[in-house]
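S.K.: Since the structure of chain A is already known, use the hints to place chain B on it.
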Amino acid sequence: DTGVSQNPRHKITKRGQNVTFRCDPISEHNRLYWYRQTLGQGPEFLTYFQNEAQLEKSRLLSDRFSAERPKGSFSTLEIQRTEQGDSAMYLCASSSVTGDSPQHFGDGTRLSIL
Amino acid sequence: KQEVTQIPAALSVPEGENLVLNCSFTDSAIYNLQWFRQDPGKGLTSLLLIQSSQREQTSGRLNASLDKSSGRSTLYIAASQPGDSATYLCAVNSGYSTLTFGKGTMLLVSP
Chain A
1 DTGVSQNPRH KITKRGQNVT FRCDPISEHN RLYWYRQTLG QGPEFLTYFQ NEAQLEKSRL
61 LSDRFSAERP KGSFSTLEIQ RTEQGDSAMY LCASSSVTGD SPQHFGDGTR LSIL
Chain B
1 KQEVTQIPAA LSVPEGENLV LNCSFTDSAI YNLQWFRQDP GKGLTSLLLI QSSQREQTSG
61 RLNASLDKSS GRSTLYIAAS QPGDSATYLC AVNSGYSTLT FGKGTMLLVS P
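Line by line, the protein sequences are chains A and B.
Going by our numbering, 65 is the number at position 65 of the first sequence; the sequence numbering is gapless.
Going by our numbering, 6 is the number at position 6 of the second sequence; the sequence numbering is gapless.
Among these hints, one or two may not hold up.
Derived pair list, reagent style DSSO-like, types lysine-lysine, alpha-carbon separation capped at 27 Å [to be verified]:
(1) Lys42(B) to Lys103(B)
(2) Lys68(B) to Lys1(B)
(3) Lys11(A) to Lys68(B)
(4) Lys14(A) to Lys42(B)
(5) Lys71(A) to Lys57(A)
(6) Lys11(A) to Lys42(B)
(7) Lys57(A) to Lys103(B)
(8) Lys57(A) to Lys11(A)
(9) Lys68(B) to Lys103(B)
(10) Lys57(A) to Lys1(B)
(11) Lys57(A) to Lys42(B)
(12) Lys1(B) to Lys103(B)
(13) Lys71(A) to Lys11(A)
Here are some chain A residues the structure puts well away from chain B; computed CB gaps all over 10 Å [claimed, not checked]:
(14) Phe21
(15) Gln54
(16) Pro70
(17) Lys71
(18) Gly72
(19) Thr76
(20) Asp86
(21) Ile113
One side of the interface only, derived from the structure: several residues of chain B facing chain A at Cβ under 7 Å [to be verified]:
(22) Gln34
(23) Lys42
(24) Gly43
(25) Leu44
(26) Ser46
(27) Leu49
(28) Tyr76
(29) Ala78
(30) Leu89
(31) Thr98
(32) Gly102
(33) Lys103
It should be emphasised that the hints constitute simulated quantities derived from the structure, not laboratory data.
Every value quoted in this text rests on a predicted model; they were computed, and no experiment measured them.
For every residue, glycine included, the Cβ atom is placed at its ideal position computed from N, Cα and C.
Isolated chain A (complex conformation) (with noise of 0.2 Å):
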């Protein structure tokens, strides 16, 4: 078990880019999430997969934001045209689908916008 792998840790990028974050999950785990969280908050949920399929998003999650999971393993989550305001901590979580079991975190990728 090597646990919840987000990359890249830290992203700094100009205002108006686009961003991509990898999120790869505990290998046994179908459920997958994104979450964001802001300084002194938090975190927020964004999104969630089971398996392959998108199962729910947030109002939080505008136009500019869309995640994948291709294979139902690793995840994407795509900003475009970043804005000031997408400045945070992007968090992957991942869990099995058994209604007891833990989300497991990863480190996150921090976000800073130019």
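M.R.: Positioned in the frame of chain A, the structure of chain B alone reads:
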């Protein structure tokens, strides 16, 4: 809409003290509740998960209780150590798989 509140927002204690962190939630129809630890600049480490049918869970010096009917959970840390310094987050699963988090309690344990 589920809302989660954590009190206090920050707590500073000397090493060796026992302490209690509080979490309250507005909708008691929850599936489970999870306590996490977050170190600065890091992700979340799961500490304890309590199912809605359970009253408490224990792991080492940590004990978490759940009173679903009153919408409250507490995390008890015994004999605190400087290494316990971190932000502690409470998160509620209301049955839709996603977690609703509080803002956390920032704990500082001084030697």
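S.K.: All hints, please: hold or fail.
M.R.: Taking the hints in turn, this is what the structure says about them:
Our distance criterion of 27 Å between C-alpha atoms is met by lysine 42(B) and lysine 103(B), whose separation comes to about 15 Å. Only pairs whose Cα atoms come within 27 Å are accepted, and lysine 68(B) paired with lysine 1(B) is accepted, the gap being roughly 16 Å. Restraint check for lysine 11(A) and lysine 68(B): not satisfied, since their Cα atoms lie roughly 40 Å apart, outside the 27 Å limit. For the proposed pair lysine 14(A) and lysine 42(B), the alpha carbon gap of about 24 Å is at most 27 Å, so the pair holds.
Distance check on the hinted pair: lysine 71(A) and lysine 57(A) sit about 19 Å apart at the alpha-carbon level, within 27 Å; holds. For the suggested pair lysine 11(A) and lysine 42(B), the alpha carbons sit about 15 Å apart, so the restraint of at most 27 Å is met. Between lysine 57(A) and lysine 103(B) the CA atoms are separated by roughly 21 Å; this keeps the pair inside 27 Å, and the hint holds. A C-alpha spacing of about 23 Å is found between lysine 57(A) and lysine 11(A), which places the hinted pair at or below 27 Å, so the restraint holds.
Annotation: proposed proximity of lysine 68(B) to lysine 103(B) holds, straight-line Cα distance about 20 Å (limit 27 Å). Taken as a hint, the lysine 57(A) and lysine 1(B) pair is honoured in the structure, with Cα atoms around 15 Å apart against an allowance of 27 Å. Proximity of lysine 57(A) to lysine 42(B) is assessed by CA-CA distance (about 24 Å); at most 27 Å being required, the pair is judged to hold. This hinted pair checks out: lysine 1(B) and lysine 103(B) have alpha carbons roughly 16 Å apart, not beyond 27 Å.
With a CA separation close to 25 Å, the supplied pair lysine 71(A) and lysine 11(A) stays within the 27 Å bound. For phenylalanine 21(A), the condition that its CB be more than 10 Å from all CB atoms of chain B holds, with the nearest at approximately 13 Å. Distance to chain B confirms glutamine 54(A) as a non-interface residue, since its nearest Cβ pair spans about 12 Å, more than 10 Å. With a least CB separation of 20 Å from chain B, proline 70(A) remains clear of the 10 Å interface cut-off, as annotated.
For lysine 71(A), the non-interface assignment is confirmed: its Cβ lies about 21 Å from the closest Cβ of chain B, beyond the 10 Å cut-off. At roughly 16 Å from the closest C-beta of chain B, the C-beta of glycine 72(A) stays outside 10 Å, upholding its exclusion from the interface. Consistency note on threonine 76(A): stated as away from chain B, and its beta-carbon is indeed over 10 Å from all of that chain's, at 18 Å minimum. Aspartate 86(A), annotated as away from the interface, keeps every beta carbon of chain B farther than 10 Å; the closest lies near 18 Å.
With a least CB separation of 18 Å from chain B, isoleucine 113(A) remains clear of the 10 Å interface cut-off, as annotated. Given hint, glutamine 34(B) at the interface with chain A, holds; its Cβ is 6 Å from that chain's nearest Cβ, closer than 7 Å. A least Cβ separation of about 6 Å between lysine 42(B) and chain A falls short of the 7 Å threshold, and the interface hint therefore holds. Given hint, glycine 43(B) at the interface with chain A, holds; its Cβ is 4 Å from that chain's nearest Cβ, closer than 7 Å.
Taking 7 Å as the C-beta cut-off, the interface hint given for leucine 44(B) holds, the closest approach to chain A being about 4 Å. About 5 Å separates the beta-carbon of serine 46(B) from the nearest beta-carbon of chain A, less than 7 Å, and the hint is met. Given hint, leucine 49(B) at the interface with chain A, holds; its Cβ is 4 Å from that chain's nearest Cβ, closer than 7 Å. Violation of the interface hint for tyrosine 76(B) is found here, the shortest Cβ-Cβ separation to chain A being roughly 19 Å, above the 7 Å cut-off.
Given the 7 Å rule on beta carbons, the hint for alanine 78(B) is violated: about 22 Å separates it from the nearest Cβ of chain A. A distance limit of 7 Å between C-beta atoms decides the matter here; for leucine 89(B) the minimum to chain A is near 6 Å, and the interface restraint holds. Contact between threonine 98(B) and chain A, as hinted, is supported at the beta carbon level, the nearest pair being about 4 Å apart and thus within 7 Å. A cut of 7 Å between beta carbons decides the hint on glycine 102(B): the least distance to chain A is about 5 Å, and the hint holds.
Interface hint at lysine 103(B): satisfied, since its Cβ lies 5 Å from the closest Cβ of chain A, which is below the 7 Å cut-off.
Comparing the model with each earlier hint shows violations of hints 3, 28, 29; every other hint is respected.
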